[in-house]
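Peer 1: The chain contents come next:
Protein chains: 2
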Amino acid sequence: MTTTALEALAGRAREASRRLAVSSSALKNEALRAAAELLETDAEAILAANQADLEQARAESLDDPALDRLRLTSARITAMATALRDVAALADPVGEVIEGWVRPNGLSVQRVRVPLGVVGVIYENRPNVTSDAAGLCVKAGNAVLLRGSSSALRSNRVIVEALRKGLVKAGLPDDGVALVEDTSRESAIAFMRLRGFIDCLIPRGGRALIDSLVENATVPYVLDGDGNCHVYVDQAADLAMAEEIVVNAKLSRPGVCNAAETLLVHRAVAERFLPRIAASLEGVELVGDSEVRRILPQVAPATEDDFAREFLGLKLAVGIVDDLDAALAHIARYGSGHSEAIVTTDVATAERFTREVDAAAVLVNASTRFVDGGEFGLGAEVGISTQKLHARGPMGVRELTCAKWVVRGNGQVRR
Amino acid sequence: MTTTALEALAGRAREASRRLAVSSSALKNEALRAAAELLETDAEAILAANQADLEQARAESLDDPALDRLRLTSARITAMATALRDVAALADPVGEVIEGWVRPNGLSVQRVRVPLGVVGVIYENRPNVTSDAAGLCVKAGNAVLLRGSSSALRSNRVIVEALRKGLVKAGLPDDGVALVEDTSRESAIAFMRLRGFIDCLIPRGGRALIDSLVENATVPYVLDGDGNCHVYVDQAADLAMAEEIVVNAKLSRPGVCNAAETLLVHRAVAERFLPRIAASLEGVELVGDSEVRRILPQVAPATEDDFAREFLGLKLAVGIVDDLDAALAHIARYGSGHSEAIVTTDVATAERFTREVDAAAVLVNASTRFVDGGEFGLGAEVGISTQKLHARGPMGVRELTCAKWVVRGNGQVRR
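Chains as they are written, first to last, in our numbering: chain A, 1 to 415; chain B, 1 to 415.
Some hints could be false.
[Unchecked claim] Residues on chain A that point at chain B, a partial pick, calculated with CB under 8 Å:
no., residue
1, S212
2, T218
3, E244
4, V364
5, G411
6, V413
Derived by calculation from the structure, the hints in this document are not laboratory data. Each residue gets a CB set at the ideal place from its N, CA and C atoms; glycine is no exception.
Excised from the complex, chain A in its bound form (with noise of 0.2 Å):
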């Protein structure tokens, strides 16, 4: 796909977005709950494409994650239906008057939410990821470029034909969800610079695609970074509670970025929890500190690397601190800035945890597993930001839009 294809299909975004901005919410809902019907209703086509993308990631030798990330199923072509039903019952952001006042001057100031725009989503071989991010987007009044991998390719298209002939139905333009079908290096970088387009690029990929991203991109972003989650188990800490935090953050899907992958125990209680932790861990990879191998000498060395790490797996790296300020500095250090969690009864230390840890969620008492759009209350959610600009944590249907002031007056001019 040349440059000048890749503008035209996002101008054609564009112009849609435009439509799609001050569409009704019933118009949207109704094409995405038509939308949710043809993709039942196609599944047949749906499953044959997938078939077909799986035979050749086979031929070019994916290995087994990979392949169970790429394959379609009955049951998750339902599951794709009903998100797309879910969203269309969440609560329309566009129109929200966040807030406003009246000036001394008598001038009507609000904020007001409105669509991004143009929304491109760079993401690797989950088909139902085309649909999960086309549905939120069009939620939102915006229209959105999916670039998804090659692998996935005739799967996408199949999917991307529902959303569109959803949004036909709906009497909405079906260029308000648009499929990038050149999946080259080439192409992603063109995507990343196709300023004046896209209002907002969002990544859901891995670490060189984020590198690209900040090397390359000249539209904005919002980064979903790694997931290098701490819990802190502190000496005022219930540690029947603690064990069974840090289980749930480490055990329940050690797969996703708000998953655990470094354990901190204070010096007061290292020696009764660590035991009973490692043993409630079996099966997973321990590594730690000389403190920790001194307690629990079966557990190999834990290198630099294995703090900074997100090893997404079976593996923990656990590490003794002397005190909060001490645990402090390692997250500060070593962690990613996405979901940082404390287990103590202590109120003071509780707090000052909350207040000093600089990352997009931090919870006290509770898993970090929980730090997820649907478990906020947020509805569905298309990543989890870990930067600061725009969205922070779990992105929802509003983190895909953005505010306008409205000032309304009968003649105020300023002297």
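Start from chain A and add chain B according to the hints.
Peer 2: Then chain B, alone, in the frame of chain A:
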């Protein structure tokens, strides 16, 4: 300045930002008021440094407007001190609970306003920006790295010294305000690439700076872009009101970003309105489309570039449009997304304009000149954002913060 030296400076700012982030409003305000006093007591030294800057600038043949921007007077120093005291008097945005609720599982979920961390500001040769920007950043609990122009270096050094001493007087770290003294082009690029050190970069400068930033920056930034602002005089406009608004929008301060650059007039009122407004805008160079020139033969033809440009001076492009749709299309094509005004008595027309124009601010029956932090009631502003992410429109002290999710539980784990 080598990248290493720049990173060392930024590293000290980051350390300072951790202390500032948890400092009380009382201490931050004490620092700002102490700095205001120091500006006044050190006025002689500031004026002497400024005199040296002015002499060098004259020797380097800076033009008169640039010399005027660079020049400090006793009155301007007093104004800088007053601005710091005004910022001290603003409400502290840090700690505000933006929203919060309790989930069915008993988790308390709150979104709390927190400082950004380290803010970078790149600006040109107005020395007052040094204290204004630093004051707002400190108020919001941030450290700030200031990179002014080489022509103002001596002035900026003395002003920054006052701010640093003010911090020390309040027991806060002086590295919370730091000046980047190397003003080479290489250092500007290195500054834009201080990823991990700068949480938000704010450029205050012209198109070349913005372009360089978009191309080179790896740190997050908020763009303070051009203001190609329109006033649309509808067929249902009160023409006396329209005249007053257009004159105010163009003439009250032609060199600023919220001044009007294009006047669009509905065909139905053009014959009546154009001669009248042309007379009121005496001294303004008008350029118009062919329809305008039929009514005002003395007006020179407007080029495509005239409609696309921010004149920042006594020039105004004028166009006649057939209807609201044509006005909206013109603004969508040429507008820079800053501030757009309509003059109309028709409520449906006003509502369509506010809904459909995609800009930071839309105004009904009011001058574009009101788009300003002070006029909106936000207190002082650090700039006006024309981008959609994070901040859009006037950026006050609140836009120098971000949010953090704080989750409090009593042992909840995710099932």
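Peer 1: Closer than 8 Å between Cβ atoms is the bar; does A:V364 clear it against chain B? Give me holds or violated.
Peer 2: Check passed: Cβ of A:V364 comes within 5 Å of chain B, closer than 8 Å.
Peer 1: When the nearest CB of chain B is found for A:V413, is that gap smaller than 8 Å?
Peer 2: holds, 4 Å
Peer 1: So, as I understand it, the hint says A:T218 touches chain B; can you test that by seeing if any CB pair is closer than 8 Å?
Peer 2: holds, 5 Å
Peer 1: Interface hint check: A:S212, Cβ to nearest Cβ on chain B, cutoff 8 Å. Holds or violated?
Peer 2: It is violated, given that the least Cβ distance between A:S212 and chain B is near 11 Å, above 8 Å.
Peer 1: Given A:G411 as an interface hint, is its Cβ closer than 8 Å to any Cβ of chain B?
Peer 2: holds, 4 Å
Peer 1: Given A:E244 as an interface hint, is its Cβ closer than 8 Å to any Cβ of chain B?
Peer 2: holds, 5 Å
The structure does not agree with numbered hint 1 stated previously, though it agrees with all others.
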